Amino acid sequence: MLTHFFVNVPYDLLVKKYLPLFARQHLNPEIYFSPQILDKWPEDEFKAVAREVEQFDLKTTFHAPFYDLSLGSIEPKVRRVTQERLEQILSLADFFHPLSIVIHLSYDARIYEEHLEEWLENAVQTIGKIIPVAEKQKIYLNLENVFESEPNIFLLVLKRFTSNYIGICFDIGHIYAFTHTTLKDWEVVFPFIKQVHLHDNHGHKDEHLGLGKGKIDFMLLFSLFKKYQRYPILTLEPHTEKAFWDSQDYLQKLPEEIKTYFKKCPRLE
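So for the sequence shown, this note's numbering puts the first residue at 1; every next one is plus one.
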């Protein structure tokens, strides 16, 4: 069942602890690279880990660094660091060959609403510098929602690009934890969804619980995927081992119709 899924895991934990589990369960890792990992690990060690992952016949996706970074920051120095981190993580793609890189959009209307056009232009320039590399390597750049209170900002960004290699990583947990919106409010972006982050919560905190352990209606989400004929990269994002096993139990109990649908994922063209 889970062979069609990816599971988010920090790079150091994958290397030091979880790679044997991923291999046994045939789980595909979505690897999060922290700034510390990017700066301290030598290239040869990245290559060695990539070979080991390939040996187990696992696919990968990447999750880019995000703390204190902003694609459209008004501060030029922050944008430069953001660009540098994206270029660093793209350089690792030569070794791991990820299907996608998840990048936080990091638009916060509380800060940038009065500077929307400037923020938007900056973000488009930042993304535009890496799209040619992503296209060449056939890597999807998927912009993730976190604190964005409504979907329009994603449409404003995406309409500035013609490339098929940019889309949305839809994080349903963040919708419920950080906004006052519903899935219906976000239907406008479903045609652009290429990846999804799956975790649960009770609607007031980003708990990253296992599926079925909070209040999120995942069956509604899955029905919308079918409605819009989306076959995204399916990614579990547990923050504890218990959350992972709870999610596995939930997925095993899904109707066969949904399980069959999942087997078609990902289909991104």
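Hint data in this document are derived by calculation from the structure and do not stem from the laboratory. Predicted model only: the values in this text are computed from it and were never measured. Incorrect hints may have been included.
Said to hold, decoys possible - Computed Cβ-Cβ distance ranges for the label pairs, DEER-style:
(1) W41 - K77: 22 to 30 Å
(2) L116 - A23: 30 to 38 Å
(3) H204 - E75: 25 to 33 Å
(4) R24 - L116: 44 to 52 Å
(5) W41 - G128: 40 to 48 Å
(6) Q25 - A109: 15 to 23 Å
Where is the CB? At the ideal position from N, CA and C, for every residue including glycine.
Verification of the hints:
The hint said 22 to 30 Å for the Cβ distance between W41 and K77, and at roughly 25 Å that hint holds. Range check, L116 to A23: Cβ separation about 46 Å, and the 30 to 38 Å hint is violated. Under the hint 25 to 33 Å, the C-beta atoms of H204 and E75, about 31 Å apart, fit the expected range. Range check, R24 to L116: Cβ separation about 48 Å, and the 44 to 52 Å hint holds.
In this structure the supplied range 40 to 48 Å is violated for W41 paired with G128, their Cβ-Cβ distance being about 28 Å. In this structure, Q25 and A109 break the distance hint of 15 to 23 Å, their C-beta atoms being roughly 40 Å apart.
Hint compliance for this structure: hints 2, 5 and 6 are not met, and every other hint is.
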